[in-house]
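Novice: Chain residues, written in single-letter form:
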Amino acid sequence: MTSASKGPETVGAPGAAASAPPLLRLDGITKAFGAATVLHAVDLDVRPGEIVGLVGENGAGKSTLIKVLTGFHTADAGQIRLDGRPVEIGRPADAERLGIRVIHQDQHLAGRLTVAEQLYLGIAGTPVARRASRRALEAQAASDIERATGQRLDPRVLVDDLTVAQQQLIQLTRAMLAEPRLLVLDEPTAPLAAAEVQQLFTTLRTLRGRGVGIIYISHYLQELEQIATRAVVLRNGRNAGEVALGEQAGDGALGRVVELMVGRSVEEFERRPARTARAGEPLLRLRELAVPGHLAPLSLEVGAGEIVGITGLVGSGVEVLADAVAGRRPHEGQTLAAGRRYRGAVGFVARGGAYVPANRRRDGLLVKASLRENLSLASLRSISTRIGLLRRNAERRRAAELITRLDVRPADPNAIASRLSGGNQQKVVLGRWLAAGARIFVLDQPTSGVDVGSRSQIYQQINRLVDEGAAVLLITVDLEELVGLADRTVVLYRGERVAELARGDTTVDAVLGYASGASRATATTQEAA
Amino acid sequence: MSNSPVQAPVNPGAPAAPEPGRDRTSRRSSDGRAGVPRSGTVRSLDARQLVAPLALAAILFVFTLLSDQFLRADNLAAVLNQSALLALAAVAMTLVVRAGGIDLSLGVAIDLSALAAAALIADGYYAWVAIAAGLGFGALVGLVNALLIVGLRIPPFLATLSVWFVGTSVQQLLTGGGAPIYLSGPRVPEEFAFLGGSGLVAGIPVAIAAALAVALLGWALLEATRFGRALTAAGEQPRAAAIAGRRVPALTVSAYVTASLLAAIAGVLLAARTNGFVPASGQLYVLDAIGAVFIGATLSRIGRPSVPGTLVGVLIFALLANGMNLIGLSFFWQGLGRGVALLLILLAGVVLARDGGGPLRRLLASARR
Amino acid sequence: MSAIAPERQATGADALGAPAPSRPARAAGWASYAGYGVVVLVLALFAVVSPVFTDPSNLASIINQAAVTAIAGMGLAVVIIVGGDDVVEGGIDLSVGATAAVAGSVTAVLTTAGLAPVLAILAALGTTLALGAVNGAAVGLGLRPLLATLATMGIATSLDLVISQNMKIALDGQPFTWLRDAGGLGVSGAVVVLVVVAGVLIWAFHRTRLGVNAYAVGQNPTAARVAGLNPGRYRFASYLVSSGLAGVAGILLASRLSAAVPGIGTQILLDIILVAYMSTVFSRRLVITIGGTLLAALFVTALSNGMTLSGIASQWVGAVKGALILAVLTVVVLRSKAGSR
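Protein chains in written order, with my numbering: chain P, 77 to 605; chain F, 2 to 370; chain Y, 393 to 733.
Because the hints were derived from the structure by calculation, they are not lab data. It is possible that some hints are incorrect.
What the hints assert, rightly or not - Now the stretches of chain P that chain F is said to cover, found in silico as 3 or more residues with beta-carbon under 8 Å:
(1) 118-127
(2) 414-426
(3) 433-439
(4) 561-575
Unchecked claim - Derived, one-sided and incomplete: chain F residues facing chain Y with beta-carbon distance under 8 Å:
(5) Val167
(6) Thr169
(7) Phe228
A virtual CB, placed ideally from N, CA and C, is assigned to each residue, including glycine.
Please put together the full structure from these sequences, using the hints given.
Specialist: Structure follows, in structure tokens:
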């Protein structure tokens, strides 16, 4: 019933004493790195037994705020108070001592240990003496896990054989063994399936009942609504507002959250001039492409001269889509390039395909090699004689041309690729495919880790390619990039297509709404071709 | 086992996955060095690259001082002759390491081909038949390696180790328990004896000529052909190579087969030179070949093995051995000298590399503050 | 209730199909039962073919012989456990054979020169520990274990030759004869040493937190660091253990042969590597284990013994060992495909 106003305003959480000081209060936290101020006087408070959602776009400052809280960074200004008393958190050990624990997305676990062994790894002073039998250890582990999370886990199972949700239980229990006052969860439901999400929530409610304060960072707004009492929204390093969630909050709460996240001042970023020509013949066709456990069957076509954008959160299937389309990952369904089926990366490239993968340093670039070598990697035939001898001059010439065309810096074909900035590295990767004369581009997070200058240069290149008739499948979580480039956008949520937006409808908040599950498409899209 | 490539010090505070939406003003390139040109081309010089040449220079210098015979033409010629077979094996190993693997069974390829050649000669076959058989056996070893490594995805070290195992006992079996084969002089066909060094090719002993030819071929293959370029990529970053459309499995197979074939050439020459076959004589080459390849890799700005580098490594070993011989060091101390030299050179290579050295480097870096 | 009704709650499953709840059975566990099965089968075969096989004196002889490989193998296993079994960058110690040989030579030479046996043994072990320290330091500086221990192997081999001058040097007197000769129960002193060493190692690795930590360091150094462990220290220590135990094995070997034999190092190296990797097959988790190495050593020795008794020529033994290691590797590869998510 209560609808949140624009300014910061909190609604008391159920079960918390209104008069007691908040468990945690961050007051006016400011942090700058060199010239860039990442946090401007950010406030946040958490009551005992309260679950507070922390939301905001990437770069909004969430991770920096948490790093300040956990001692990895020191705030330039502002104060941290625990139970009303100011505390100093200069190092991670300080935060740990104060009872602050974080559950990260990257679960660092040793695969061939049992649950019991991994649970107590490196924890000194556990109740189990060194000489206790394995059985006693396992019994203790089982009871600790159940007590901490309310769920059961067989302590004899190997970590590798657990589901991600179960591995999370180990992390949660480890954190709880330290009897924390405050728990921070970083995107905990991204890798989980529906039933597991509910189980996690059960665990969190148990923890909440014990008076633990929880900061819950997530983009899955729809889920956040089920578990958190309010959402604190950051934007551009500042408090953008708070929105009460849950039963009392009413229907518009998530919409309000999205608005606050995005703000009203989204500029049209490098939006391509709308083209009148319709997309040409479908160069890339996906027919019921599915990756079991990640991606439900998806059918899609990308025509010549068209950029189709695909986006979604972690866990939406977006991560496996690029690999699957490029032939790097086994999948069900069919993939066709220029009308013919292809299998595997070799087949894809042979049909004019180009894959710019997300993990640039491992999969995209030959980091040790020179730019020249990198640029020719996909087109060796065109710079070699019939018997296979490389034509060095031709290679050098072509490399120089590409470097000039793409404005790669340093403009030296002999430069070692690892020395280049991310943006220049990505230009080299793109250049490789230009050299190969590719027509079908699968771009996976193409400007991740790329500076602004290179970014716009890359966009120019993409636009130019498309104008010349290439087909581009743009897989990205950068919503502005999507808005600026895509002719149409497909949004994935938990492995399924939940929306397809025409160019005019593609706005950051619309896309974010679908990607986070906050909005549902009221009308199904046209039959996928 | 899931490993996230986190560099020490660990910073678990950083969320890993990208999130939707982005704030333009706080964008920065991931390494924070947007647009700043970095030094470092494949042509520039790094401290590490000087290690091998300095070692070579040091060896030349020291032994010239200690022995007046060292720098004489006939001595150096003998050195080259001695090291020819090692050079062959080392070029073969270069191929394999370049392809991202290692081959511990190269000695087996050498031995089996020597065995086949010697046995057939002893049985009175034509020289070319014996040679062909020798090469065939070598290729067979390579095929087995390829099958295990590419087909069964067994890590190269373990796969070639087991081929080494099996190959050793195959030798035993075929020789009825390890009996050597001796070829009596008159019964050896001319061609075979020629290979053994009875004659010269354009004024240089056969073995050296063969080694040079193979080295040139290997060097050309790796540096000047499409195949070599693709193989190098497949060896350094197989995923990236595959994405770029290279056929990684086929490249790997050809690397192992070719390497074994080259080793087989060494085996045939060995049989010709020693006029017979002595079991397990090929083993000696493997470890030195590996050492030479990795010494050679320090010569490259990017730590990439190469034929010229490997030859430098071979030269280092050969000159060291020769020098120690000339100053009368007992055979046993020679081995020690070789081993220590290898260790020192490799360590220097690692510590002096731009990002190498681990704790030592950090220690030095902090001292500089 | 919000109008945005999450359909996921209703069905409890989503389009992706909820993954199955945890399965306590280890999917690849069948392989270890297959391992035990093969062992039992082969031994039974030998027992049938040659009744002498199961004679107590023969069995005792097997155990006596296995002691050397077992002890050195267990040392190697420690290195692989701590270093991770990724064979390119992971832990391996190629110098164990040569180090064992050095220990034998040092002991023999010093004893022959009149030094008290205890001191000779200490000197030998000290030498091997020094070699281990060289390995540990080299790896700590960033050199790949494969290369570092390869180089040390060369050094140790030559050291052995230098010390022994490539001659067989007799090793006699106590305690060496005690180590060699069958005493009570038909087992030699070497077996006593084996039992002690195995006992300590198995207890350390299977029962203490140190052991769990060691495995963690090898499987995921990042996880270990996050948990507060120091992988570097574990790695350095592992090379000391490996060389130290190789030294012990070398002394036992020299005792058994009543001499330090030149070149013995290369002969035993492959066996040591074989039994360390073969231990995977005896482990439910399909990881390298100390106990498994012991079993593997016993099995491999029994295999040679049985084959000899059955009249199979010794040449075939090598082939069989090679086939064994291949079988082990295939199992290991299968495991890493099945187990990783």
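Novice: All hints are to be evaluated individually against the structure, with a verdict given for each.
Specialist: Structure-based check of each hint:
no. : hint    : result
1   : 118-127 : violated (count 0)
2   : 414-426 : holds (count 5)
3   : 433-439 : holds (count 3)
4   : 561-575 : violated (count 0)
5   : Val167  : holds, 3 Å
6   : Thr169  : holds, 5 Å
7   : Phe228  : violated, 23 Å
This entry does not satisfy hints 1, 4, 7, going by the numbered hints stated previously.
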